[in-house]
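**Student:** Okay, here's what each chain looks like letter by letter:
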Amino acid sequence: MSGTIVIAMQRNGELLTSSFEAITAARGVKEAGDTLAVVIVAADPQSLAGPLSVGGVDEVIAVRASDDFQPDLIEAVLDDLIGQRKPALILVPHGVDAWSFAPATAARNGLGFSTDVLALRREGGDLVATRAGYAEKVLMDIDFPGKETVLLTLRTNVFEPAAGQAQATVTELAAPSADIATKHEGWKPPADAGGIDIPGAEFILSIGRGVADEANVEQFLELADKMGATLGCSRPIADNGWLPKARQVGQSGRLAANCRLYVAMGVSGSVQHQWGMKHVENIVAVNTDPEASIFSIARYGIVGDMFEIAAELENHF
Amino acid sequence: MKILVPVKQIASLDDQFEMRDDGRDVDDDYFEKDLNEFDHFSVEQALLIKEAAGDGVEVVVAIVGDDDADDALRTVLAKGADRGIRVWDDALAGADGIVVAKILAKLVEREKPDMVFTGAQSTDFGSAATGMALAGILGWPHAAVVSHLDYTPGAPSATLRRELEGGLEEVMSIRCPAVLSIQLGINQPRYASLRGIKQAKQKQVDELSPDDLGLGEDDLRPASNVRRMYVPERGKAELITGTAAEQAARLAEIIKEIRGM
Amino acid sequence: MMAAATDIRGAGGQDALVARVVAGGDLYAALGLYAGAGPGARAALEPVIFASPRQKLITAAAAFAPASLLDRLAADAGEALALRLAKNPATPTSALRRLLGRCGDARMARCLAAHDHADAAILDELASHPAVEVRRAVAGNPAAPAGVIGRLAADDDGLIRRAAAAAPEADAGTLARLWQTGDDGVRAEIAAHPNCPADLLAAALRSTDARLRRRLASNPSLGAAELEQLLADPDDGVRAAAVRNPTVSDAGIDTGREPSARIRRLIARRHQLGADVIARLAADPDPWVRRWIARHPDLPAGLLARLAQDDDPGIRRSVARNPASPPDLLVRLAQDTAPWVQAGVALREDAPPEAVGALLSSRDRDVLGALGRNPATPATTLKAIAASGDADVRRSIAFNRAAPQAAVLLLAADPYPLNRAMIVGHPLLDDGALADLLDDPDPQVRFAAARRLGRRAASFPPRNSDGKPGDDE
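Residue numbers (the working numbering), protein chains in the order written: chain A, 1 to 317; chain B, 1 to 261; chain C, 1 to 473.
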């Protein structure tokens with residue numbers, strides 16, 4: 001019941017940065033005398049062992065297998081390590097791969113478990129993790145009474161990636177025999193559609209009722225063009241026939257699936273609209289009404305007139 | 001041929017709410033309850049398979065929740081699922097994804113489905129745990145965040161795509177039966193017709209307790225415990241103040257920074 | 001259900017409707033009926049609405065809740081309820097005044113200070129609040145009277161001074177004092193203020209700070225000479241603001257010398273332009289300039305026809321939307337290769353039958369959605385649109401006052417809840433269909449149906465019931 005294991009993740013043989021973030025998190029809650037081991041499953045794990053020997057890592061456990069993601073194999077590795085080493089803590093970067101194997105491992109082995117953890121600390125010796133709830137409206141501190149081993153997935157881009165050379169020993173482990181039920185068949189890169197592509201757009205400038213008049217719409221098409229954004233809109237604008245339905249973001253409309261920056265001008269933020277964009281990491285809301293619900297999901301808010309802001313924005317692009 | 005689709009009723013909050021007296025959850029009065037968004041897609045996927053195969057496929061939906069959760073269950077029955085199962089006992093009030101997975105594993109033993117579809121995550125807590133935890137308990141093949149699926153009922157394997165970070169998709173084949181967690185956008189979920197809503201009221205819903213499924217107190221212990229719940233400091237947008245010129249200048253900076261311009 | 005529907009037009013119809021909603025116990029239907037109900041009916045509906053603390057919270061936050069009900073709630077509101085009321089834009093002044101007496105924390109006071117219905121007395125009281133964010137909200141409330149703004153102008157807080165300088169009620173004296181004490185941002189707001197004294201306008205005009213001159217250029221009380229100077233300003237942003245100034249006369253604008261396409265685009269958007277300016281802009285090399293001028297109502301037929309052949313579909317769309325476009329041009333644009341141009345014609349109620357006819361076979365969702373809204377579209381097409389497989393296309397029927405009843409009824413049974421919510425307001429929706437919607441699974445549909453039925457019942461006293469549908473709103 002001691003020691004921490006970090007599961008490092010790779011894709012096509014390249015380590016994900018989030019692996020190093022997990023090492024930092026592990027070090028932050030490590031108790032005196034505990035060992036910190038990092039597991040890497042890859043086709044050439046030895047070549048990744050060096051880069052993983054950072055930030056106070058004591059041991060790199062190199063498992064030679066395929067570079068393909070095989071949840072069954074990682075789970076078998078974890079089952080063995082949990083049985084043999086009885087680690088107190090296992091940390092995994094919270095990503096799509098972890099979503100496959102972490103809950104399965106936790107449930108099968110009866111571990112303490114939580115996902116998407118934002119912060120980690122000790123309170124009087126107890127491990128306490130923080131995660132968000134109710135669509136990020138609250139935070140909760142959680143602990144794991146009576147659990148000998150705790151497995152947590154860690155939100156990415158929260159912990160600093162570990163740096164600084166360490167003197168880790170490398171243990172090579174044969175891949176355990178596992179019943180592999182999945183097979184990698186290939187990759188499909190993100191679609192690169194021409195024309196109006198709300199789902200594919202990385203940067204969307206979106207307008208709502210605040211635009212007030214059909215002729216005003218042109219101004220925002222022009223601004224979007226200038227800024228390199230795709231123009232989106234809320235339902236009433238498309239219903240009025242002022243913009244093509246292909247530009248409508250929301251439940252009746254399109255999902256801004258690949259958007260990283262969403263600037264909403266004069267959009268009140270109905271549930272309908274939010275459905276299509278609330279997941280976007282960087283939402284900027286511009287609205288004259290400081291109580292507009294769009295502000296509750298925005299990262300940046302501007303209480304102001306969309307036309308004034310748009311006119312001023314033109315001076316910068 | 002049978003597909004089991006476990007669904008969840010999620011709770012959402014608007015801007016103003018208060019904590020419960022024990023400080024470990026939000027006061028019930030402030031919850032708005034609804035079917036989890038992702039579950040519209042998992043149910044749709046099952047219904048599409050059912051429709052493509054003719055009538056030989058049964059779609060069974062299951063939920064762990066109190067009386068309120070009946071609404072969510074009837075919502076998916078109204079879309080065309082054949083029957084429902086609701087599992088509840090007050091002892092489940094603190095159930096997490098792992099406990100729910102244990103219950104679902106018992107339902108899988110009972111129902112013997114050929115496939116299980118869940119939502120990739122829930123929109124309230126986003127744990128992304130229940131479906132894959134179920135697969136872990138069952139020892140079934142599993143894949144998370146499925147954004148495309150080719151599956152013929154009864155086939156020994158299926159081909160799917162997993163949506164990874166940044167929109168990249170992995171094409172993967174998987175042995176069946178399997179547990180798949182379904183991503184938003186895999187299909188266009190239907191709305192229930194008004195007739196479907198009326199019919200849903202007549203559809204069979206079995207009500208079970210953990211006890212009925214042979215689960216005891218020990219099985220219902222969650223994998224974590226909430227010490228306290230609180231509102232984060234930065235719960236709201238960072239307000240950009242100043243004149244329109246200053247606000248726009250800051251906005252331009254933000255845009256350029258995020259766009260790497 | 002049909003019984004309830006026909007009942008509302010007979011004797012005691014309103015009572016029957018209230019009784020039905022009370023028996024159903026639905027919050028949203030009760031809210032819908034409440035606004036138009038008399039005192040007796042309100043008394044019957046209140047227990048349904050206030051059935052639980054949760055329902056009170058929902059009502060307090062609902063922007064569609066009747067003002068009188070919010071006033072009732074304000075009478076004995078706990079902290080959470082009071083905050084919701086303070087944030088609700090529908091909360092009436094009387095309720096805000098009640099809340100003012102019991103506002104413990106600054107957050108609540110800030111919401112009251114920012115409220116659209118806060119009157120001079122409320123703002124006057126809150127202007128002395130110890131919390132700076134409350135005073136900021138007062139200064140930013142356009143209803144703040146001159147006296148309050150004058151007091152706030154002396155505040156130490158920079159943001160309050162800035163908001164005071166931008167306050168519509170700020171008088172010349174306050175602005176003059178702010179000019180002395182304020183920073184560049186404050187002075188920029190003063191330069192844009194319609195009440196800005198002449199000497200400060202002159203000072204702003206001489207300023208070397210382009211940001212100040214930009215704000216000055218937007219001031220509606222500038223004289224012709226000052227505007228002329230600003231229209232020739234070396235800074236693009238200043239010229240842009242001047243061109244946008246509604247008081248600029250056409251004579252001051254010289255497109256021939258204007259090097260910036262951005263400014264020419266703004267000129268092309270202006271309403272009053274001379275024929276020669278319009279002609280020059282219609283031949284501008286910049287496509288956005290042509291796009292704007294193509295919408296200009298004074299564009300002569302010859303230029304419209306020329307722009308209708310532009311390679312840029314955005315420009316052709318603008319011609320299709322120009323009210324001055326003659327019928328023959330619309331017929332031609334109805335056959336455009338770009339569906340978005342066709343959709344522009346399909347939206348026009350004045351489109352000639354030949355143009356509409358050319359569009360009827362389209363499968364494009366924007367064209368169909370536009371036809372669906374257009375009262376000039378033949379009834380058979382509207383019925384087909386109401387049965388379309390595309391929910392967004394079907395919804396267009398809800399916005400068409402000439403939609404045939406068959407299409408309206410189809411939308412009232414639409415599987416997509418939003419489409420049902422939209423059709424509730426349609427004049428051709430009969431009582432029976434509305435009564436059915438009282439049991440709709442979607443709350444907003446139940447609310448809207450109850451409100452509409454309530455109004456109909458109130459407008460049909462038994463003595464002059466003529467059974468004509470749809471003339472109640």
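Some clues are possibly wrong.
[What the hints assert, rightly or not] Pairwise CB distance ranges (calculated):
| id | chain 1 | residue 1 | chain 2 | residue 2 | range |
| --- | --- | --- | --- | --- | --- |
| 1 | C | Ala131 | B | Arg83 | 53 to 63 Å |
| 2 | A | Val271 | C | Ser361 | 52 to 62 Å |
| 3 | A | Ser66 | C | Ser361 | 17 to 27 Å |
| 4 | C | Arg401 | B | Lys256 | 38 to 48 Å |
| 5 | C | Thr208 | A | Ala163 | 41 to 51 Å |
| 6 | A | Thr171 | B | Gln204 | 14 to 24 Å |
Simulated from the structure, these hints should not be mistaken for lab results. These numbers come from a predicted model, not from an experiment. Each residue gets a CB set at the ideal place from its N, CA and C atoms; glycine is no exception.
**Student:** Each of the hints needs a verdict: does it hold here or not?
**Tutor:** The hints, checked one at a time:
Taking 53 to 63 Å as the suggested C-beta distance range, the pair Ala131 of chain C and Arg83 of chain B conforms, at roughly 57 Å. Taking the beta carbon of each, Val271 of chain A and Ser361 of chain C are about 36 Å apart, not inside 52 to 62 Å as hinted. At roughly 55 Å, the beta carbons of Ser66 of chain A and Ser361 of chain C sit outside the given window of 17 to 27 Å. Range check, Arg401 of chain C to Lys256 of chain B: Cβ separation about 47 Å, and the 38 to 48 Å hint holds.
Checked against the hint of 41 to 51 Å, the C-beta distance between Thr208 of chain C and Ala163 of chain A comes to roughly 48 Å, which is consistent with it. At roughly 55 Å, the beta-carbon separation of Thr171 of chain A and Gln204 of chain B lies outside the given 14 to 24 Å, and the hint is violated.
The structure fails to meet hints 2, 3, 6 from the earlier list, while all remaining hints are met.
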